[in-house]
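Student: Here is what each chain is made of, one letter per residue.
There are 2 protein chains.
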Amino acid sequence: MSGRGDGLVTIPARSGKATFVRKGDRIRVINTHGAQVVDTWAFNREELTEFMSMEHTRAHALTVFPTTGTTMRTNKRRPILTFLEDTSGGIHDTLIAACDRYRYELLGCAGYHDNCTDNLRKGLQELGLTPPETPSPLNLFMNIPLTPKGGISFEAPVSTPGSYVTLRAEMDLVIAFSACPQDVLPINGVDCKPTEAHFLPLGA
Amino acid sequence: MSGRGDGLVTIPARSGKATFVRKGDRIRVINTHGAQVVDTWAFNREELTEFMSMEHTRAHALTVFPTTGTTMRTNKRRPILTFLEDTSGGIHDTLIAACDRYRYELLGCAGYHDNCTDNLRKGLQELGLTPPETPSPLNLFMNIPLTPKGGISFEAPVSTPGSYVTLRAEMDLVIAFSACPQDVLPINGVDCKPTEAHFLPLGA
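Going line by line, the protein sequences match chains L and D.
For the first sequence, the positions run 1116 to 1319 when our numbering is used.
For the second sequence, the positions run 1116 to 1319 when our numbering is used.
Bound conformation, chain L alone (with noise of 0.2 Å):
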């Protein structure tokens, strides 16, 4: 693992870093320079193909925006995370796709670009695995407004520097990050210059 003696590990820019959690222990995601959207994916350590599924846990949860309180629940509707802490302002986005190669084909960048559905895949390839498939993320910090009738569009996060969540793993997991590289709309503050993030595995 990268990361500093005190235990945070960097999710460098534009890219992906994926850790264990066991069941009861706690993870920190840090918004360190206060405007970096964070893709997360949660699966089942025991089997990959349970995972963190929004269109499972608005079922359940009844939000569109999770935050403090919120369980996040797997494809198979069992308790995988849960919100201990949100500093960040309570804006996270469910409904929206990971970026991947299409996203910035169609946006006009020509050659490769970085995407969060490849860091995704990166980032467990580390630790020796393969996503099943790419689930709808969880985007941390991500601020997607909804407006009464159900439009929405693509803003910059509200969140500040060094503002965090903290996540309960409800079951032995592996997540999964990506720093996103969105660098054509303003989704990473709008500056459009994606940054690093940082994670702190925490005990029970």
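Be a bit skeptical, because a hint or two may be false.
Said to hold, decoys possible - Think about it this way: if two alpha-carbon atoms lie no more than 25 Å apart in a straight line, the pair counts; the simulated PhoX-like pairs of lysine-lysine are: (1) D/K1138 <-> D/K1191; (2) L/K1191 <-> L/K1264; (3) L/K1264 <-> D/K1264; (4) L/K1264 <-> L/K1138; (5) D/K1308 <-> D/K1237; (6) L/K1237 <-> D/K1264; (7) L/K1191 <-> D/K1237; (8) L/K1308 <-> L/K1237; (9) D/K1138 <-> D/K1237.
Source of the hints: derived by calculation from the structure; they are not laboratory data.
Following the hints, complete the assembly by docking chain D onto the known chain L.
Tutor: Using the frame of chain L, we list chain D on its own:
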């Protein structure tokens, strides 16, 4: 195919049905009795791992409520279905997972309960196909209102008997429907009595 001489095909109550649609052809999905949710999936006929994706569609349609004029996209962000007509009131859901055995277990149902996830599988099976996964469905006629703060609830449809949507295929595809067997929550009407629905294949 089950159906009538005029080409109308029955989606039996609590059950699934699938069919092929050629690029440019249209298909009408009819809420025959007015309060029946129809979970809908579409797959690229040539490559089933490319399929209609709610999370990719939302990123481009910029709405959570598709209706006349909305183009649905695949997980490769290509157009797959376009809403040409909608006489049902324009209330459809893209947020909620297909129901499954786990849903009914959590709702306290004893024994096997019909569910949309199994119906997708059975519908495709009649065509000799197997879904690569269970994509989050387009829930036609399903009424999941949103509060300004992102809260959601499960309500009865606003559609009326005989109302319909007409969809155009944007690629050669296989489309699968499930007449949702939910009879615990009032999502198929306040009587909680799931019914049949119908579809009508139309030319270009």
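Student: Run every hint past the structure and note whether it holds.
Tutor: Each hint, compared with the structure:
Taking the CA atoms of D/K1138 and D/K1191, the gap is near 17 Å; set against the 25 Å cutoff, the hint holds. Only pairs whose Cα atoms come within 25 Å are accepted, and L/K1191 paired with L/K1264 is rejected, the gap being roughly 30 Å. Taken as a hint, the L/K1264 and D/K1264 pair is honoured in the structure, with Cα atoms around 12 Å apart against an allowance of 25 Å. This hinted pair does not check out: L/K1264 and L/K1138 have alpha carbons roughly 39 Å apart, beyond 25 Å.
For the given pair, D/K1308 sits about 21 Å from D/K1237 by alpha-carbon distance, which is consistent with the 25 Å threshold. About 35 Å separates the Cα atoms of L/K1237 and D/K1264, which puts this hinted pair outside 25 Å; it is violated. About 19 Å separates the Cα atoms of L/K1191 and D/K1237, which keeps this hinted pair within 25 Å; it holds. This hinted pair checks out: L/K1308 and L/K1237 have alpha carbons roughly 21 Å apart, not beyond 25 Å.
Our distance criterion of 25 Å between C-alpha atoms is met by D/K1138 and D/K1237, whose separation comes to about 24 Å.
Consistency note: the structure conflicts with the earlier hints numbered 2, 4 and 6.
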